[in-house]
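*Asks:* Line order of the protein sequences matches chains A and B.
So in my numbering, spot 42 of the first sequence is number 42, and the numbers just go up one at a time.
So in my numbering, spot 34 of the second sequence is number 34, and the numbers just go up one at a time.
Calculated from the structure, these hints are not laboratory results.
Among these hints, one or two may not hold up.
Mimicking SDA-like on lysine to any residue, the simulated pairs with C-alpha atoms at most 25 Å apart in a straight line are [unchecked claim]:
1) A:414 with B:347
2) B:102 with A:269
3) B:156 with A:217
4) B:80 with A:184
5) B:102 with A:272
6) B:156 with A:207
7) B:187 with A:217
8) B:187 with A:302
9) B:156 with A:183
10) B:156 with A:178
11) B:251 with A:217
12) B:156 with A:213
13) B:187 with A:178
14) B:251 with A:213
15) A:384 with A:347
16) B:156 with A:389
17) A:413 with A:466
18) B:80 with A:414
19) A:413 with A:457
20) B:156 with A:209
21) B:156 with A:205
22) B:156 with A:269
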Amino acid sequence: MPTEIKLPAMSPTMEEGTLAKWLVKEGDTVKPGDVLAEIETDKATMELEADEGGVVGKLLVAEGSDGVKVGTVIATISGEGDASAPLPPAGGAGGGQSAAEASPSTTGADSPPPIPPASGRGEKEAPGRADAVPATAAQPPAKPKAGDAPASLQVTPDTPGPTHRQTVREALRDAMAEEMRADGTVFVMGEEVAEYQGAYKVTQGLLDEFGPQRVVDTPITEYGFAGLGAGAAMGGLKPIVEFMTFNFAMQAIDHIINSAAKTNYMSGGQMRCPIVFRGPNGAASRVAAQHSQNFAPWYASVPGLIVIAPYDAASAKGLLKSAIRSPDPVVFLENEILYGHSFDVPDGDVALPIGNAAVVRTGKDVTLVGYSLTVGTCLDAAAKLAEEGIDAEVVDLRTLRPLDGATVLASLKKTNRLVVVEEAWPTCSVASEIVALCMDEGFDDLDAPVLRVNSADVPLPYAANLEKLAFVKVDDVVGAAKKVCYR
Amino acid sequence: MAKSPASAEPAPPVRDRPNEPKRYAATNDELLDFYREMLLIRRFEERAGQMYGMGLIGGFCHLYIGQEAVVTGVQSALAKTDSVITGYREHGHMLAAGIDPKAVMAELTGRAPGISKGKGGSMHMFSVEHGFYGGHGIVAAQVPLGTGLGFAHKYKNDGGLSVTYFGDGAANQGQVYESFNMAELWKLPVIYVIENNQYAMGTSVNRSSAEDQLYRRGESFRVPGLQVDGMDVCAVRGATDVAVDWVRSGKGPILLEMKTYRYRGHSMSDPAKYRSREEVAAMREKSDPIEHCKKDILSAGAADEAKLKDIEKEVRAVVADAADFAESAPEPEAGELFTDVLVGTYG
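Pulled out of the complex, with its shape left as it was, chain B reads as follows (with noise of 0.2 Å):
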């Protein structure tokens, strides 16, 4: 290669890597919490998906079974002035944030008392309350968004970060890499969380990404990637540690690619006959994140069988108060159709 002129000055510093992560030593009790919290998200999903069946819940809806280990770890290395957005497959994202099962299950069934006053279904939900800023319908919408976030929190100085999510479907997005580009120029604090569930919609990672190793996709604009198995909750949080770490001495951005799995459809009304029963299965068998999270419980002795069943008692009541009072909840008064559209008034 011809010399240009620019070789005669020092090679450029090695760039500074975040470390190799840990799996997260948890102790007892946050191993019960991990537990419940992503059985509390599993069974809530699961009844939004009959209710869906019986018609309570209308339009697309979008269930996170499967996936629960990367909201549950990521949202437990975080403090309280950070920030969370997301995509439409956001009610785990929601409980996790500690948002009440009730509003969100109401929101689902579109009445009054939903997060939302029944005005944004499944896939607009938002509580500002909880550092949860959506719940957005439009795919990588949200990655310039909450790269807006991290800008806020760096212009304010308050000491938050945004944690942004998107699926291995958005990460194909321009408006991903145009985020990138200005998050890392102006280092601000933002962790984007790639929840790699392998389909985007039908298409499989490698039938859409010339680079299907995603936690690379930020290297062209020096954004560090680590792979994480989002198949295991202390993984996830190890990693996220990191992440934490890196962002909030000032390094800018970083790329957690969690490669996870989800066992529903797209949607509600998708037959996923892009993949075979036996590939389903057999992640439900070998990978699940709750029975992983389950054993780890069992062989560190934080609690048995029996203590289980009961937490498993405690989050299915939990759960049945929701949809209870999601299907007897009031529809929004005919008045509402027109509030909320603008904050002031004018003229």
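Only chain A is shown next, with the shape it has when bound in the complex (with noise of 0.2 Å):
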């Protein structure tokens, strides 16, 4: 029987990719470990390796396909006992045939209906996360316009003219290297963000622009540069520290509030350190209890830092450019479930500024504050509430240090009702503040108790289930709403 080559997994958030080329044709012979073709991932360009010999079957995807889902069938190979076996219909059941020949970017028999909501991973199991905002089946892969996109996809900017659509990856990237072009001191560094183009391809291109002067692979020493990032702050260059995810940050917090955070205030205002620490915060997607944190509620509570955790695209770049610009310390935390996510982001140089909460949907019954991811799960838990007739608004925090709390409390003055959604454990929280800024400042204002929905109080769990089970998920925040609304 021919095997079947199926698109694997091949990082812990890939959810579909791109087959950039095949490094074979029909009815090549190869062997194990043979390059069948290169595959573009959310990180990365991988290359495909034959586990098992024989001569290949069919192509059934195109080279250049898009949003091909993993789990796709994309060729066949048989084995050596039946290399001259008549092709197979691939794709699985019945009519398979018809995968050759569709579009590139569908699934064949076992694609699955395009589903449109979905802004975090609650909605793991339903096919077409909102990263994706899948090309439907049988249709060629298509740019997504924003009109086509659940309701956590539309964000509309804060500032009006031209637009264009844009992942928040690339959005940071033109943040950095719009910079970077302004001030010959701005430098990025951290691990593998030269030659790799980025762990999570987000300084791609950076050091063909820029040079590895300016664009500088570290060993893996957290501690040594996020020290030796902050001295070259204080030296006076303007240094874009990456971490390759924020987990790794706590060998160098160290650095990031002691030398960073303290140096102006205890010099007395004479010494800076114009520094942006940045990277992937919170949980991904399976990676389990040490690579899954929100360090936001830590970072936020140091004065003398800058804490900053945007959610779309048009304020990822915005509010970058603002980081880099500013003369304090940043903490600007990202979130890789967002890499891959497309938004409308103003054409040019445009900074947003630091300090300010957004809200990114109006709504007169009930307050959902969130942040970074959550603001998309507050949206669709909106879309939802639409429908049983709760008007919500939210409001993306976007800076959680300094923290607007003027913006939140004027939504609660509109609505009388407020839920904070937040993918991190419970105690001493960003919700935990806002709970707090809204008894000390909104008392009178309050028709119903201020509700929380975090994560659940626990190291993250592997298992699926149970991973699911600990994440924020929109019908959690559509039940506190209804809550607080005493619906």
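Starting from two chains that each stand alone, build the complex the way the hints lay out.
*Replies:* Below you can see the structure in the form of structure tokens.
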């Protein structure tokens, strides 16, 4: 029997890939370990090798196809015994033949119907998660347009004017490139930022444009390069230090807090440390407890730091630009799940002010407050609540320190009910801080207790079902919102 | 040993090594400058110790007495473009960098005209203007920071170098070796100066260090090291000259281990039970850096006893002024509590 070659998952968050190039053709004989194809994942371009030898049967997905779902049969290889066997139809259950002829982005008979919403992993089982915004079956892959996107991807940029559709990943890269063009003292350092083009491809292309002096690959030495970066900032440069993830920044946290955050104060304002520590923060997918933690509450508690955690691509770009220009040390918390999500981004050089929250959906019945990934959760929850006649307002905090309490309180004044949604442990969380803010300064506006929707108070488990239970889900938010509305 | 395929390649060239340092041949004027500088540090620190005893200085206070030759010799070899960074035993480094003793002493007493407006205290003082980058309270944190200063010099191509001081205790922190690795990899202009005063708080080097010859600590990273008599200012200067030549010629970092000794406890609250009074007395008697310099001055005929007494008088007056200033200066305004947290304004 011929062996089906399926597109494998090549990273924890990969749900689809691009078949960049076939390196074999139909009828070729291959040995185990031969490279069959180059696959572009959400992180990198990978080589797909043959596990077994044989003769290549049909190539079922055309070169250049993007949006190919993990698990799609992309080719068949006949074993030595049946090398001359006729090529079977691909794609499993009958009629699979069509897969070969169908659009590259389809998955034949196995193809799930496209299901729109889903901002987070709460809806993991629903195919077509937001960052895919899949081209519908049997249609050629097309750049998704904002109008087609689920609620969680429809965020209108703050600034009017022409926009382009862009992933968060590309927006972050553009922010760095633009600031590096404008200021020669800005440089990027971190693990795999240069020759590898970024562990998550955020720094892709920067080495080519700016060279190795300004795009610096470091050894795996977080404590050391965080301190080195802070020292370079004290010496007059403007470093962008990338942590492959913020989980690894725990090794370096002494320099973020003791060296970077406190220096200006301890020196009576004469020694500055203008540095950006950035990278993905929070849980990704199935990487378990040590690689899945949201450090926003930790950093947001430290005076002397600016802490930013954007959601959409426009605010990611605009705020990263401001972070790089800031004379203060900034912790810039990205989210791996969001890297591949596309949003409208204003054309040109648009920086956004640090310290401003944004109302990303207006409503009158209840306020949902989120930041980073959970802004999407809130938007999807608001869409569901609308079906039940509850008009929710969604506030994206964007900057966690200094926190824009005024925007939160103004929304509370309007709706009189508030739910905070955060993918972090509940104890001493940003959500706790918002609750305290509402108690301190919004008490008279409250018609119900403020509720928190946080992830489960446990180290994140690996098993798919347990992991799902631990994360914040849209329905949790809907439930909490109805509760504060007494519905 | 089995031959690896790599052994077919030619043997790597013998690594370049710095020249063996010579004791610096100071001019008469330079000898007197060294003497004055070291005496200023000593008298300043003695006064700080007294003021601590009187309750005028609070918190931790780490005195530099006994180690004066190190910073005096190193600083004399530096240029204006260079940067200096160290840990929390830094009063002497600041005086050597030319910072006003009044501003340092007023910081120790936590007063408004202190160099950090009274917000840093003994362990956290900085003067970017003088190329002095602190004054850091976390053992060894200054090592990657100083490496970053070296990175900035190289990036800006300004010809400067970074002198990064740390102690024998800090030498066992992992981040020191992370820094050595990057500094050598990128050939950063950094002189690492280990001030080996033989005790990390109460633990002697022998009890804490598997390799107690600290100048060898860079070998795994190909950072060459030199061991130096840190109680002899001319030996320190001679070695620093070699290090400066090495670094400025683009060969990357170098490590100087200064064998020195602190006469006082680790901090003012250290009873120093881990060593005998005799040990301290013997060091003071036989190896004191100021007495050593004095002998050099007298034997070179650079000055007579009377002239040295005049210097002593001058120094005492400077220290007395600084102490009076620090004692009488006002405390910071209450409003200063909330200033300097951030530079920018947001939201």
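*Asks:* So which hints don't hold here, by number, going up?
*Replies:* 8, 13, 15, 16, 17, 18, 19
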